[in-house]
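Novice: Sequence:
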Amino acid sequence: MNRLRELRSVLNLTVLVAGLGYFVDLFDITLFGVVRVASLKDLGLTDPSDIFQKGLFIYNAQMAGMMVGGLFWGLLGDKRGRLSVMFGSILLYSVANLLNPFVWDVNSYAACRFLGGLGLAGELGAAITLVAESLPKEKRGLGTTVVATLGMLGIVVAALVGQHLPWKAAYVTGGVLGLLLLFARFKVSESALFTQKAGPAKGNPLLLITGGRFSKYLGCILVGVPIYFTTGILFVFAPELTAGLNVQGTVTAGDAILFGSVGLTLGDLMSGLLSQWLQSRKRAVGFSLCVWFALVLVYGLMPGLTPTLIYALTFLIGLSVGYWAVLITMAAEQFGTNIRATVATSVPNFVRGSAVIAATAFGQLKGSLGVAHAALAVGAVCFVLALVALARLAETFHRDLDYVESVSDAKVDVPTRSGA
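Numbering-wise (our numbering), the sequence shown opens with residue 182 and increments by one.
FYI, nobody ran anything at the bench for these hints, they're computed from the structure.
Any given hint might turn out to be false.
Here are the simulated lysine-lysine pairs, DSS-like style, with alpha carbons at most 27 Å apart [said to hold, decoys possible]:
no., residue 1, residue 2
1, K222, K349
2, K318, K463
3, K547, K235
For each label pair, taking beta carbons as the anchor points, the in silico distance ranges come out as [to be verified]:
no., residue 1, residue 2, range
4, N193, L346, 29 to 35 Å
5, D228, V565, 39 to 45 Å
6, H345, T431, 18 to 24 Å
7, D231, Q460, 52 to 58 Å
Every residue, glycine too, gets a C-beta built ideally from N, C-alpha and C.
Kindly produce the complete structure, drawing on both the sequences and the hints.
Specialist: Below is the structure:
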């Protein structure tokens, strides 16, 4: 009951608008996967293998946009402010969505999704940074949890909208939602921590690769890899995985994504509350990782699974790996104000990009190990890397964020680390 009261206490305009922005962001990221087949058929593609290859090309274009955008918006957020990113990113991906119904071939479709990905890349990092810097340290974890939980609901809504509306109408819906949210952001104020800090070191990317900061940055990315292994392999390739496990009955990717996404949504809320209860980001993430890997082993090794049990396990796996908000908050807290937006914006996009590496490794191994054992092998590597990286990161729950990084590795306005 006390936790619910604490949650209500952080529901201010900044948190709600940031959360709704992430809702639209994840709605748009998910939408292409839902309408992929229908939209490509409407463009004249009929052969299933052609639809798969062209769909992969368009998906990779969106991911490329997100990788580029992760650095671009992060640097802009540290140079020009968090709000500049929140306005610019949502405007770009809203316009890209509104243009999507007018594409005439695969290349124009890919160009629209590249622009969409470029815009989508800035949303989460700017939102988490602004919320973390706007709330007291005792409550910022709750604020970022609300943001991520609202965002995860966007996946569920995208799955429903994409299945019940024509693909062109679904894209227009995403664009209109983005533009409506854009107007709501005019009432949100810039982070006071950002406006009080001045100097040429704002948004300097060299700070990330000097003074031992790169190992922290890489560690934050590695801790997040199991999340996108889960969504990119266990959920998307659920039909192939369960066929390899000799599950009696049909398991569909759409249902696996839906059950897994509901689990991720609740998991984001629960991991945030667990972090508050433990007064620790690291212990909350470590617990989530261990439960996640245990469930993955059950998924891959337990005989006699049925589609119902697979969906139940998919939900539980999503629940256990839903530490996205805690991860991005922890990443933002690892670094000073002058590069915080760069980190919080680029880390999630490089984590998303890791899905490509995991999927490639899975594809290479499935021929020799089989589908199920290949997934387990890749999952085990992701688990070990994440756990080792987590152990090397500092605890940041009680850290004061009012400090900046310098090239000499000497911190200005060194934060209080009581309890860290």
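Novice: Each of the hints needs a verdict: does it hold here or not?
Specialist: Hints versus structure:
no.	hint	verdict
1	K222 x K349	holds, 13 Å
2	K318 x K463	holds, 16 Å
3	K547 x K235	holds, 22 Å
4	N193 x L346: 29 to 35 Å	holds, 33 Å
5	D228 x V565: 39 to 45 Å	holds, 40 Å
6	H345 x T431: 18 to 24 Å	holds, 21 Å
7	D231 x Q460: 52 to 58 Å	holds, 54 Å
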